[in-house]
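2 protein chains.
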Amino acid sequence: MPATEFDIIDHYFRQPARRDDVVLSVGDDGAVVAVPPGKQLVVTTDTLVAGVHFPENTSAQDIARKSVAVNLSDLAAMGAQPAWLTLALTLPRVDESWLEKFARDFIDTAAQYGAELIGGDISEGPLNISVTAMGLVDADAVMRRDRAQAGDAIYVTGTLGDAAIGLALLQQDSINDDSSAWLAGRLNRPEPRVDFALLAARCCDCAIDISDGLAADLGHVLDASGCGADVRLDSIPLSPQALAHFNAAGGIDWDVILSGGDDYELCVVTAPANEAQLVQAARQSGTRLSRVGEIMRRPGLRFLDAGGETRALANRGFEHFSS
Amino acid sequence: MPATEFDIIDHYFRQPARRDDVVLSVGDDGAVVAVPPGKQLVVTTDTLVAGVHFPENTSAQDIARKSVAVNLSDLAAMGAQPAWLTLALTLPRVDESWLEKFARDFIDTAAQYGAELIGGDISEGPLNISVTAMGLVDADAVMRRDRAQAGDAIYVTGTLGDAAIGLALLQQDSINDDSSAWLAGRLNRPEPRVDFALLAARCCDCAIDISDGLAADLGHVLDASGCGADVRLDSIPLSPQALAHFNAAGGIDWDVILSGGDDYELCVVTAPANEAQLVQAARQSGTRLSRVGEIMRRPGLRFLDAGGETRALANRGFEHFSS
Chain A
729 MPATEFDIID HYFRQPARRD DVVLSVGDDG AVVAVPPGKQ LVVTTDTLVA GVHFPENTSA
789 QDIARKSVAV NLSDLAAMGA QPAWLTLALT LPRVDESWLE KFARDFIDTA AQYGAELIGG
849 DISEGPLNIS VTAMGLVDAD AVMRRDRAQA GDAIYVTGTL GDAAIGLALL QQDSINDDSS
909 AWLAGRLNRP EPRVDFALLA ARCCDCAIDI SDGLAADLGH VLDASGCGAD VRLDSIPLSP
969 QALAHFNAAG GIDWDVILSG GDDYELCVVT APANEAQLVQ AARQSGTRLS RVGEIMRRPG
1029 LRFLDAGGET RALANRGFEH FSS
Chain B
729 MPATEFDIID HYFRQPARRD DVVLSVGDDG AVVAVPPGKQ LVVTTDTLVA GVHFPENTSA
789 QDIARKSVAV NLSDLAAMGA QPAWLTLALT LPRVDESWLE KFARDFIDTA AQYGAELIGG
849 DISEGPLNIS VTAMGLVDAD AVMRRDRAQA GDAIYVTGTL GDAAIGLALL QQDSINDDSS
909 AWLAGRLNRP EPRVDFALLA ARCCDCAIDI SDGLAADLGH VLDASGCGAD VRLDSIPLSP
969 QALAHFNAAG GIDWDVILSG GDDYELCVVT APANEAQLVQ AARQSGTRLS RVGEIMRRPG
1029 LRFLDAGGET RALANRGFEH FSS
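These protein sequence lines are chains A and B, in that order.
Under our numbering, the first residue of the first sequence carries the number 729, and numbering increases by one thereafter.
Under our numbering, the first residue of the second sequence carries the number 729, and numbering increases by one thereafter.
By construction, these hints were calculated from the structure, which means they are not laboratory data.
Careful: at least some of the hints might be erroneous.
Remember, identical chains collapse to one label, so a pair may be satisfied in a single copy or spanning two.
As a list, the in silico SDA-like pairs of lysine to any residue whose alpha-carbon atoms are at most 20 Å apart [as the list claims (entries may be wrong)]:
#1 LYS829 x SER1013
#2 LYS829 x LEU855
#3 LYS829 x LEU926
#4 LYS767 x ASP866
#5 LYS829 x ALA839
#6 LYS767 x GLY842
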């Protein structure tokens, strides 16, 4: 029975190295890895806080999977191949069953994308899962926020709004059929677009993870690149489940779709000359990809309805500490 | 007035890149760095939780400095040159004055050791500061826990027990003179032994950060290396402030010194042939270094008093979740 942090690490998190670039893994003051020549290292950190990033009653497996996925989604947005992860886990108490499920799903999810847990830290305190993910890119071949140019096309992967609807349904205790369960699954079990991103990075140099909602995150691209965008609402991809939900609720709520957040999809911006290759990348990786608008010289992010009118959003996206 | 996580990052944590190996810093989905040819990457993560790793009323500056220092101490124990840091900061609320002090001292402390903040994440929740530090070592030249051999000499840097005494004095509200303030400073403002470690790594291949106390951490070296050790209590380095404290308290408390933890000193183990060079490394970096014992074939960690008798410890070191 593991009792202390060292026992927990030994018992649940130490595993044989799978990647041959891991020189020294879990169990020393630090891990040691070898970055291959010609590659640069991409580093990202994302934290999940109980009650903020996931409902308190979320399963250990879903928390584990999500804590890996949200970080791999950031690597994907940079066009980086996932390589290594560290985990800083703060736990209120030692719950053997929780830890066993969490550790197994964390390690398995990472492995599913070729990444390996190489180190971490376990502390006592309110539940907080902070992951740092490291990935590899060809030197100077990352996708960045500041590379959009007027005339570029704007694409998004997957469907938008599902996670925000799933959260609302969970909060209303309304997970009572396949459709609502699927929507909740989009919240709790996001799938980072790693395969697509690695192919897309060959023809695109601008992308962003739209986990705070397309409105906020495309806004970051526009701010960083110094341009504007026109996005057509009738091009925004919606799942059949989301459509059915909105039909039952009396109409589409664009705030939920564009600002609800927690969709770990990518927004990719590319020059017209590369669009065919980008579409091919989506086909090859089995990823739904939708062209939703264009980058414009005129500043501002405009969402246009079918009549070409600009539609105002009530809020721009999920932001911690916003009122 | 920064209001959201994006504003906070922009306002307090974005700074011009200082290191020319930082390709892309704070502000995208991930940071991008270049690892020089011939170097391996050392990665470590350490979290500070309010009320667990530091008293609740610790200043923003001390928390910032400590969160950097404890991670750089782990890099030092591996013999790695500090390079890059990411920060996952979970905050209960936006306190401008706290954030300004925290960010400035975090960035300044990192810079003092040549390291740069390249990314991170800000979330809402109970105060939790999780830092991932990355450093560089010559390929296959790290100091590891599993490299001790019978006949090796055991050294420690600095003085032991100061931080544990400082914590006890803080808890008793007994910081009332220069000596007690110095001891509390050893708890709140640890100085990682980076300069010494980089020199030591040239002649040693075994070291550990003894932040959980010498008893526990040297124990980890012995477990990993499959050997034992004899440590002489009269060789353990004590500060004049610790000695004065124990004199006033009626005698030396070896449990506090060997198991109190939070001394961010290093224990370095080396073959007799390298001892002269190690002592020179200490002199060159202005670091107090004490030879405290030897690695033995016989398993077990023995603390010997002046008469050569083995002294039992009440507990082995600070461990989260231990009873």
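Do the hints match the structure? See the list:
1. When the C-alpha separation of LYS829 and SER1013 is checked against a cutoff of 20 Å, the pair qualifies neither within a copy, at 29 Å, nor between copies, at 47 Å.
2. Taking CA atoms no more than 20 Å apart as the test, LYS829 paired with LEU855 passes inside one copy only; the shortest distance there is 15 Å, against 26 Å between copies.
3. Proximity of LYS829 and LEU926 under a CA criterion of 20 Å is satisfied in neither setting, with 30 Å inside one chain copy and 40 Å between copies.
4. With identical chains, the CA atoms of LYS767 and ASP866 are at most 20 Å apart both within one copy (5 Å) and between copies (17 Å).
5. Taking the shortest alpha-carbon separations for LYS829 and ALA839, only the intra-copy value of 15 Å comes in at or below 20 Å, while the best inter-copy value is 40 Å.
6. In this assembly of identical chains, the alpha carbons of LYS767 and GLY842 lie at most 20 Å apart only when taken from the same copy (17 Å versus 23 Å across copies).
In this structure, the hints that do not hold are numbers 1 and 3, in rising order.
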